[in-house]
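Student: One-letter residues, chain by chain:
Number of protein chains: 2
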Amino acid sequence: MTVPAAGLPARVRIHEVGARDGLQNEKATVPTEVKAEFIHRLAAAGLTTVEATSFVHPRWVPQLADAEELLPRLGDLGPAVALPVLVPNERGLDRALALGATRIAVFGSATETFAARNLNRTVAESLAMFEPVVERAKQDKVHVRGYLSMCFGDPWEGPVPVAQVVRVAKALLDLGCDELSLGDTIGVATPGHVQALLSALGEEGVGADRIGVHFHDTYGQALANTLAALQHGVTTVDASAGGLGGCPYAKSATGNLATEDLVWMLHGLGIETGVDLAALTATSVWMAEQLGRPSPSRTVRALSHKE
Amino acid sequence: MTVPAAGLPARVRIHEVGARDGLQNEKATVPTEVKAEFIHRLAAAGLTTVEATSFVHPRWVPQLADAEELLPRLGDLGPAVALPVLVPNERGLDRALALGATRIAVFGSATETFAARNLNRTVAESLAMFEPVVERAKQDKVHVRGYLSMCFGDPWEGPVPVAQVVRVAKALLDLGCDELSLGDTIGVATPGHVQALLSALGEEGVGADRIGVHFHDTYGQALANTLAALQHGVTTVDASAGGLGGCPYAKSATGNLATEDLVWMLHGLGIETGVDLAALTATSVWMAEQLGRPSPSRTVRALSHKE
Numbered sequence: 246m247t248v249p250a251a252g253l254p255a256r257v258r259i260h261e262v263g264a265r266d267g268l269q270n271e272k273a274t275v276p277t278e279v280k281a282e283f284i285h286r287l288a289a290a291g292l293t294t295v296e297a298t299s300f301v302h303p304r305w306v307p308q309l310a311d312a313e314e315l316l317p318r319l320g321d322l323g324p325a326v327a328l329p330v331l332v333p334n335e336r337g338l339d340r341a342l343a344l345g346a347t348r349i350a351v352f353g354s355a356t357e358t359f360a361a362r363n364l365n366r367t368v369a370e371s372l373a374m375f376e377p378v379v380e381r382a383k384q385d386k387v388h389v390r391g392y393l394s395m396c397f398g399d400p401w402e403g404p405v406p407v408a409q410v411v412r413v414a415k416a417l418l419d420l421g422c423d424e425l426s427l428g429d430t431i432g433v434a435t436p437g438h439v440q441a442l443l444s445a446l447g448e449e450g451v452g453a454d455r456i457g458v459h460f461h462d463t464y465g466q467a468l469a470n471t472l473a474a475l476q477h478g479v480t481t482v483d484a485s486a487g488g489l490g491g492c493p494y495a496k497s498a499t500g501n502l503a504t505e506d507l508v509w510m511l512h513g514l515g516i517e518t519g520v521d522l523a524a525l526t527a528t529s530v531w532m533a534e535q536l537g538r539p540s541p542s543r544t545v546r547a548l549s550h551k552e
Numbered sequence: 246m247t248v249p250a251a252g253l254p255a256r257v258r259i260h261e262v263g264a265r266d267g268l269q270n271e272k273a274t275v276p277t278e279v280k281a282e283f284i285h286r287l288a289a290a291g292l293t294t295v296e297a298t299s300f301v302h303p304r305w306v307p308q309l310a311d312a313e314e315l316l317p318r319l320g321d322l323g324p325a326v327a328l329p330v331l332v333p334n335e336r337g338l339d340r341a342l343a344l345g346a347t348r349i350a351v352f353g354s355a356t357e358t359f360a361a362r363n364l365n366r367t368v369a370e371s372l373a374m375f376e377p378v379v380e381r382a383k384q385d386k387v388h389v390r391g392y393l394s395m396c397f398g399d400p401w402e403g404p405v406p407v408a409q410v411v412r413v414a415k416a417l418l419d420l421g422c423d424e425l426s427l428g429d430t431i432g433v434a435t436p437g438h439v440q441a442l443l444s445a446l447g448e449e450g451v452g453a454d455r456i457g458v459h460f461h462d463t464y465g466q467a468l469a470n471t472l473a474a475l476q477h478g479v480t481t482v483d484a485s486a487g488g489l490g491g492c493p494y495a496k497s498a499t500g501n502l503a504t505e506d507l508v509w510m511l512h513g514l515g516i517e518t519g520v521d522l523a524a525l526t527a528t529s530v531w532m533a534e535q536l537g538r539p540s541p542s543r544t545v546r547a548l549s550h551k552e
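In order, the protein sequence lines correspond to chains A and B.
Take our numbering: the last position of the first sequence gets the number 552, and nothing is skipped along the way.
Take our numbering: the last position of the second sequence gets the number 552, and nothing is skipped along the way.
So that you can see chain A by itself, here it is in the shape it has in the complex (with noise of 0.2 Å):
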């Protein structure tokens, strides 16, 4: 049933990362026919922005190895269904723009001991490190989305105290991102904390329309902080479909926001996603059978064990 909620928008853009973020969390390396046959599912789901890859070393990111075989397998989709890559540094901005890459993203983090964890570097030098990779893209009309990770809680700092990630985030912004997707990496999050957030960065003169909210449902949060986003005027939302790249049984889940289970708020929330939820519950299904486990999203269950 559909019921409006007032002060919500029409229409949210989901932003799939299932292909990426989600099989890049996976310890299964899924072949790029797999990987190829989900993403042209997705955007045959109604979904028209699906991350695709990553660009990151091989040796760092080997379920993603096959950045180069895979990107040519998608030129079928055309413009309608962007299909962004994440880009480390100016190495993978170069084989992304050699593959024709429209819109890539640069993944930072708001707190040092992420940044020395996962970027092997301080968040000055990782900043120092995407400046000419996002000048560059900016140079070639190329779009870039700004990841921002540690956005709320850290597994080694802690709370993350709201000013510093509006600092590192209007760095990002400096730099010439064209929007960011802010990050509850670990799950931690509250709706007064997205608030907080969102209304820091208000206050700092980064409206909504250039944030995107990307929640992962380890504490089963993801979707009351998604509501508490929409409510504040967020309309891109992160999502992974059928929660891939969080398996909750193991001590590693990441437990990704599932699109399913984000699309059904929506809808019965009368707000457009363009998003066919029955298709994409049945590409979410056939997904996790070639990983050999079940999904985690529970519109996902329910959906399934109705059939």
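Since the hints were made in silico from the structure, they are not lab data.
Only a predicted model underlies this, so the values are computations on that prediction, with no experimental measurement involved.
All C-beta atoms, glycine included, are put in the ideal place defined by N, C-alpha and C.
Be careful, since some hints might not be right.
[Said to hold, decoys possible] Which chain B residues face chain A? A few, computed with CB under 8 Å, are given here:
# : residue
1 : M246
2 : H438
3 : T544
With chain A fixed as given, assemble chain B onto it according to the hints.
Tutor: Same frame as chain A, now just chain B:
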């Protein structure tokens, strides 16, 4: 990290349903001494309302056939912990009163189909059955909660009109119920629907102070719906320790909202509950061992993996 949000209550009373609604829907029948220890541990973790058992005929709910043996084991909890019990009819009321129950609950349906299937009566006939129960309870100064199931969707009837729910809700209050618990029994509701129902009740003079909400996580919506209810002024929320009562792997999943997931959100919002989350999580981990299956609560999984 605690970050309050505007417009939310300072304190929420959690109505813990794990020992009754949870265990009633588990396949395994739990020994009486385990139930007693469970309820003692829930109370020790700070829960002040713990629904203890049901006086439904054992033929219908064999899992709770030991109500007469269980309640005397809880006498040492004293008046600080409310121990409501479910009572279907006058025979059940007699049994509950004989054991000194001071709080009871009746279980109604907003839809005719579920009333027919669950109560073998029309909605009107079920209200007539409750009438002497509530009347006699009130004479004995017993607090009466009225459960109203299928308030949003019904597996046979589909979406349930708000006006229909309001009509039955008012009838339960007219019988003398002190509070209502509005149930999303199949977990399909989304936040706009929640707010629409609460608004419609408010227009009929039923304020949030007489309403509890009872959400199921079948589609992952329970916490977002809870946030919407809190924003509407509701301060009583039903939840089940560890998410008991809905095995997420079974077709019959009911998917009660896990108390731990709720507490994580409430405490993150700076809302007092009186609950010690670590003690509650330890209780749910222990109960999961008794049942031989992992808790479906994401917070229980996240916190217990860190231990």
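Student: Compare the structure with the hints numbered earlier in the document and write down the numbers of the violated ones, lowest to highest.
Tutor: none
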